[in-house]
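Student: Sequence:
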Amino acid sequence: MGEKVFITLFLMLSILWIAATVGTVYWLL
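The letter at position 16 of the sequence shown is residue 16 when you use my numbering, and the numbering goes up by one with no holes.
Calculated directly from the structure, the hints in this document are not laboratory data.
Please note that a few of the clues may not be correct.
[To be verified] Below, a list of computed lysine to any residue pairs in the SDA-like style, where the Cα atoms sit at most 25 angstroms apart:
#, residue 1, residue 2
1, K4, I15
2, K4, S14
3, K4, A19
4, K4, W17
[As the list claims (entries may be wrong)] For each label pair, taking beta carbons as the anchor points, the in silico distance ranges come out as:
#, residue 1, residue 2, range
5, G2, L29, 37 to 43 angstroms
6, W27, F6, 36 to 42 angstroms
7, T24, K4, 39 to 45 angstroms
Don't be surprised by glycine CBs; every beta carbon is placed ideally from N, CA and C.
Can you make the complete structure from the sequences, with help from the hints?
Tutor: Here is the structure:
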């Protein structure tokens with residue numbers, strides 16, 4: 001149960017990080 005929560009949180013943070021990175025690159029271009 002703890003691993004599921006950790007994996008879900010990790011995936012959410014990864015998606016947010018990727019979205020922020022893509023958004024920043026797109027804004028700079």
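Student: Does each hint hold? Answer for all of them.
Tutor: Right, here's what the structure says about each hint:
Pair hint K4 plus I15 holds up; C-alpha atoms about 16 angstroms apart against a cutoff of 25 angstroms. Note on K4 and S14: the hinted pairing holds, with a Cα-Cα distance of about 15 angstroms set against a maximum of 25 angstroms. Between the alpha carbons of K4 and A19 the distance comes to roughly 22 angstroms, so the proposed pair stays at or under 25 angstroms and holds. Between K4 and W17 the CA atoms are separated by roughly 20 angstroms; this keeps the pair inside 25 angstroms, and the hint holds.
Between G2 and L29 the beta carbon distance is about 41 angstroms. The supplied range of 37 to 43 angstroms therefore holds. For the hinted restraint 36 to 42 angstroms between W27 and F6, the CB-CB distance of approximately 31 angstroms leaves it violated. For the hinted restraint 39 to 45 angstroms between T24 and K4, the CB-CB distance of approximately 30 angstroms leaves it violated.
The structure is inconsistent with the numbered hints 6 and 7, although it conforms to all the rest.
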